[in-house]
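Generate the whole structure from the sequences, applying the supplied hints.
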Amino acid sequence: MIDLKDAQAFLRLCETSNLTRTATLCNVSPSTLSRTLSKLEKELKTTLCIRDKKGIFITEAGHRFEAFARKTLNDYADLQKELGHNSKSISGIVKIYCSVTASYLFIPRLLNELHLTAPNLEVKLETGDPADALNKLEDPDTDFVISALPNEIPDNIKYVDLVTFPLILIAPKKPLFTTGNDLTQDISGVPFVMPEKGQLRYEVEKYFKTLEAAPHIYSEISGHEAIVSLTALGFGLSVVPRLVYELSPFKNDVVIVKELPWSNFRVALCSLKNRAKDQNIKVINDLAARLAPSFTPDLTRRRGDN
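Read in order, the letters of the sequence shown are residues 2 to 307 in this note's numbering.
Hints are computed from structural coordinates only; laboratory data are not their basis. Here the structure is a predicted model, which means the values were calculated and not measured. Take the hints with a grain of salt, since some may be wrong.
Each computed EDC-like pair below joins lysine to aspartate or glutamate, with the alpha-carbon atoms no more than 20 Å apart [said to hold, decoys possible]: (1) K174 / E153; (2) K72 / E123; (3) K96 / D130; (4) K96 / D254; (5) K125 / D287; (6) K159 / D254; (7) K207 / E153; (8) K96 / D279; (9) K283 / D140; (10) K6 / E42; (11) K198 / E153; (12) K137 / D187; (13) K278 / D187; (14) K96 / D53; (15) K43 / D4; (16) K159 / E139; (17) K175 / D254.
In structure tokens, the structure reads:
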């Protein structure tokens, strides 16, 4: 007989492809999780995953069991709801605002874990300019934002750190401008694609102050992803979060000139402190805190894959 908790553990493994991170999410040791996988394989008389030094690889049989486990857990949650067993459990809708890049990296894992731990809590997602994120919390319909943290964090903001990474100076592989400058040392006079506002604008302006130079602004852009796109087209240099570069479909059309060692771009899940005791808000914050250690290794692996 398959234990539903064992099925949940396997679904987490399918999502993370990492034994250690899955064990952390399940609140067990890696050795305990390994025994759970062995028990499932013995019960099903098949190999669900291949474990080697390169990581976890789900077999065809494993993917079939994944689909079965997901459907079974969904049906079980629906049954509980119909029978009224969840009348006091977590349910409702929470709204999260974030950038497109953040939705690629953070939201899928958050939704997957939320579906396993609080299946009756739904998430409504809105994407937009990350520079507007913290202001979105003024909207009573927005419960969370994923945002870069400013140097001075407002007193009314509760946050859960998700990942910290540097900013990078990038240039187009095929520039539409000419320069005889060594771009690692001197970017004065070179066209620059500037963020329109927000924490990134603040960091870029600080960078130019360290150079004791004023930027030669080609364009001011709303949205970090669009900055990479315009740079890739050859119109100028730019400074972007490494996270945005790593996930950009245009990353192969730009080159990294250098990393800005003084930058410390912190991305966090933010909500209002006066709502921290709300059951739905608390469960999302708790999930984010548990998931946070998994995001940085994912970025490191992504760079290695490329």
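(request) Measure nothing beyond the straight line between the CA atoms of K96 and D53; if it is 20 Å or shorter, mark the hint as holding. (result) violated (39 Å)
(request) Decide if the proposed pair is consistent with the structure: K159 and E139, CA atoms, cutoff 20 Å inclusive. (result) holds (14 Å)
(request) Take a quick look at whether K159 and D254 sit within 20 Å of each other, Cα to Cα. (result) Violated. K159 to D254 sits at ~38 Å, over the 20 Å cutoff.
(request) Please work out if K283 and D140 have their alpha carbons no farther apart than 20 Å. (result) holds (19 Å)
(request) Would you check the hint for K96 and D130, treating anything up to 20 Å between C-alpha atoms as holding? (result) holds (16 Å)
(request) Would you mind confirming whether the straight-line C-alpha gap from K96 to D254 stays at or under 20 Å? (result) Given that 20 Å is the threshold and the Cα spacing comes to 35 Å, the pair is violated.
(message) Run the distance test for K198 versus E153: straight-line Cα separation, threshold 20 Å.
(response) Between K198 and E153 the Cα gap is close to 16 Å, so the pair holds against 20 Å.
(request) Decide if the proposed pair is consistent with the structure: K6 and E42, CA atoms, cutoff 20 Å inclusive. (result) holds (15 Å)
(request) Take the C-alpha atoms of K125 and D287, compute the straight-line distance between them, and say whether it is at most 20 Å. (result) holds (18 Å)
(message) Would the hint linking K72 and E123 be met if the CA-CA limit is 20 Å?
(response) holds (17 Å)
(message) Hint check: K278 vs D187, CA-CA at most 20 Å. Holds or violated?
(response) This hinted pair is violated, its Cα atoms lying about 51 Å apart.
(request) Below or equal to 20 Å on CA atoms is what counts here, so check K174 against E153. (result) Cα-Cα ~36 Å, so violated.
Of the hints listed earlier, those the structure fails to meet are numbers 1, 4, 6, 12, 13 and 14, in rising order.
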